[in-house]
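Protein chains: 10
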Amino acid sequence: MLFQVEMTVKLPTDMPAEQAAKIKATEKAYSQDLQHQGKWRHLWRVAGSYSNVSIFDVEDNAELQELVSNLPLFPYMEINVKPLCRHPSSVREDDT
Amino acid sequence: MLFQVEMTVKLPTDMPAEQAAKIKATEKAYSQDLQHQGKWRHLWRVAGSYSNVSIFDVEDNAELQELVSNLPLFPYMEINVKPLCRHPSSVREDDT
Amino acid sequence: MLFQVEMTVKLPTDMPAEQAAKIKATEKAYSQDLQHQGKWRHLWRVAGSYSNVSIFDVEDNAELQELVSNLPLFPYMEINVKPLCRHPSSVREDDT
Amino acid sequence: MLFQVEMTVKLPTDMPAEQAAKIKATEKAYSQDLQHQGKWRHLWRVAGSYSNVSIFDVEDNAELQELVSNLPLFPYMEINVKPLCRHPSSVREDDT
Amino acid sequence: MLFQVEMTVKLPTDMPAEQAAKIKATEKAYSQDLQHQGKWRHLWRVAGSYSNVSIFDVEDNAELQELVSNLPLFPYMEINVKPLCRHPSSVREDDT
Amino acid sequence: MLFQVEMTVKLPTDMPAEQAAKIKATEKAYSQDLQHQGKWRHLWRVAGSYSNVSIFDVEDNAELQELVSNLPLFPYMEINVKPLCRHPSSVREDDT
Amino acid sequence: MLFQVEMTVKLPTDMPAEQAAKIKATEKAYSQDLQHQGKWRHLWRVAGSYSNVSIFDVEDNAELQELVSNLPLFPYMEINVKPLCRHPSSVREDDT
Amino acid sequence: MLFQVEMTVKLPTDMPAEQAAKIKATEKAYSQDLQHQGKWRHLWRVAGSYSNVSIFDVEDNAELQELVSNLPLFPYMEINVKPLCRHPSSVREDDT
Amino acid sequence: MLFQVEMTVKLPTDMPAEQAAKIKATEKAYSQDLQHQGKWRHLWRVAGSYSNVSIFDVEDNAELQELVSNLPLFPYMEINVKPLCRHPSSVREDDT
Amino acid sequence: MLFQVEMTVKLPTDMPAEQAAKIKATEKAYSQDLQHQGKWRHLWRVAGSYSNVSIFDVEDNAELQELVSNLPLFPYMEINVKPLCRHPSSVREDDT
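Residue numbers (the UniProt record's numbering), protein chains in the order written: chain X, 1 to 96; chain Y, 1 to 96; chain P, 1 to 96; chain S, 1 to 96; chain D, 1 to 96; chain Z, 1 to 96; chain W, 1 to 96; chain A, 1 to 96; chain R, 1 to 96; chain G, 1 to 96.
Be aware that one or more of the hints could be misleading.
Simulated coverage check for chain R against chain A, where a stretch passes if three residues somewhere in it have a Cβ under 8 angstroms from a Cβ of chain A [said to hold, decoys possible]: (1) 1-7; (2) 58-70; (3) 83-94.
For the record, the hints were derived by calculation from the structure and aren't laboratory data.
Think of the CB as a built atom: it goes at the ideal place given N, C-alpha and C, for glycine as much as any other residue.
Here chain X stands alone, though its shape is the one from the complex (with noise of 0.2 angstroms):
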């Protein structure tokens, strides 16, 4: 099940620089996990910001809030999220 999820990053900007590489090293991995296992199915930067547009496939809402809670930048973090299906337009049969 397809959620598209935007977050703005927002670090504060007296935070160390070494603090804020190590969570951004942690982020990454994270990310990185998840993209691996087919969970994080989308990842785009975009262009111009520190935002990104991500699309999620989970088994649902609960698993949503696990993996995006436990997101290293979570704290620091402006978050949307919009829940997808398949557009009856969609030339595929899935919600690829």
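Model the placement of chains Y, P, S, D, Z, W, A, R and G on the given structure of chain X, informed by the hints.
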């Protein structure tokens, strides 16, 4: 080059049913043609709405404008566009 | 799987009273059928408005879309959807 | 008498982890006590967020204020309140 | 129990003058009846607008919904509701 | 001459409790003094919030500014002002 | 006593040209009469818009409401009002 | 050439009182100098706020930028600018 | 003197095609005349929309108002204006 | 390929003056380098603000992201991006 395009359809409530059906059929054919060409890469319905989330793959801004402004439903939609590119944490080499 | 759905009805002020009454009657029957099936788990009026707060219990996003987009008042409503799940502080084991 | 209360937690990102854990534990106990009393009738997590949707069942506006303003997380939350009542299309006689 | 109700009238600009006059006269009578009953405790015009600020005194949310949704101008108004109660700094013992 | 004043208190979450208590006590005394003088005609808590709805009765705009800008909590509040006058449907001769 | 009044005209696009011309002529005469009386102290066009910024000088809120609500364009305008008074840094003794 | 400039002061609540007093004194002197030169034509307080409405009379956009960006309170203000010109219904020949 | 002007066209969906074509042709001729005069310095389409971003070069605010308010599409557009001037980091001596 | 980029600088008010000066100098050099390369085609100050309106000319979305995200002031700015293309009413053959 990718763009996220979010469209919300707002048909006038007094549009005759036959006219609405005709526009929607034209829109569907137009959309499916672009999907087959690979220019309209993804098309999802936002659940509980008359909106979609789409990913367009175009040569440049001018082609995006050409494709979107020729949508049969274009005069009846609110449209929001965001330029996308590969995210540094993506596990893929390209922007898929 | 639960979704909070908030609906605000905006009937055109020039809709004939008979037509409005007919749509509302169809909406009521449709809504009560879904309530009896357990898919529309809660339905509350927001006091001082022509809005409601609803809790839907569906299989997945696709079913939510099917149920909501078939509401007889769908073309006349502003609709806002939020995916819900069990809260870690809930005293119940399930999402009721 | 029912109220929908939507709460979004915004803890300062520099709050010490221990202090945050303590406030959350107190909040959980406070919440569960009100749930057991039947005053906090429903509590759901909004998936993909640090927000909840709650239904309170109180005697009057004054009791709502008392319960909400005493939430341990009250100084750290954005809170939105809507008064609810039975919907004329509800299949139940009361406001459940 | 008190509610602040803010109403902004948006009559269609093509409504026949006679029809508008009739609705306004019915609204005035309805409002004055509720004022005499003590249920519409205060009614002020917002200077420079077609809006009012009102204080309703009702039994519960359901009565608020009944009184407000039966306003003759209800289909033509934007309405905003806030539940009120006694303020701890008030010099009076009750909510006046 | 009446004004509706809506105030929302936003104390810094790191203000020492003692300092906060002192400001609130001064605010209360200031408010009650104006209420006794009849200048702060009504003061209600908005249920479920740290906001109030107030009705001020002043000589003119300048006095409103003097009274509001001297509130001890003034630097910590979002304040919204609306000029009021007698409504033509009011059952009273004056603006009460 | 001064008020800043910002008005944006939104004439229905299907209003017959003759009717629009008539309303505008009446509005102009009404406005100029109030300017000559000194009650409409300043009237500026916002460049690049169909909006104006005005300064009214009235006895009280009730007179503001009387003058504004009798504008011939009143039903076709969005209007925003702010009460003004002398600024403590003004080099003049009065509110000019 | 006229511009309406609306300024809202948002001093950090933890700014030392002495520093705040100093900035305000500098701001006042700066403002009064521009008023005496005729460049800051009007300055009004918005009653019930820490905002002002100002009318600047400058040579061109560049001078507006120079005057506004040099305000001592500039780093602490939200500022909104609107270009003004003579209104066709004005009773005066110039833009006063 | 430069102004950024952003225009979004909102033609009534029931405007006859012939009438729309006529207005657009007049608009195009009007726009190209101003471009040839150097007053409409830049004109870009916002990709994926019925909006444009324009740069006007005018004598003063009054000329901006004259040029913009005479646009044939003026009654059908949302227009946003920002005064521009040379940026201190620009590599050019003038405002190009 | 063109993008309009609007940037508003929001430096923390407690940033040491020396640090601010250093960032601004680096920003200026970075900006002028891109201007000399032709990638930052226009740069204007919005009069009365700490904002600019810029036109970028880049290969694709990825280059826009690279240029913008490396701005020394990037962590301190609100940035808004719009893709541009030639307007059908432009008198020029290209997108200048």
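Query raised in the report: Are there at least three residues in the region 1-7 of chain R whose beta carbon sits under 8 angstroms from a beta carbon of chain A?
Result: Contact hint for the region 1-7 of chain R vs chain A: holds, 3 residues under 8 angstroms.
Query raised in the report: Under a C-beta cut-off of less than 8 angstroms, do 3 or more residues of the region 58-70 of chain R approach chain A closely enough to confirm the stated coverage?
Result: This one holds; 5 residues, not fewer than the three required, reach chain A with a Cβ under 8 angstroms.
**Report entry** Coverage claim, chain A over the region 83-94 of chain R, checked by counting residues with Cβ within 8 angstroms (three needed)
**Finding:** holds (count 4)
Of the hints listed earlier, there is not a single one the structure fails to meet.
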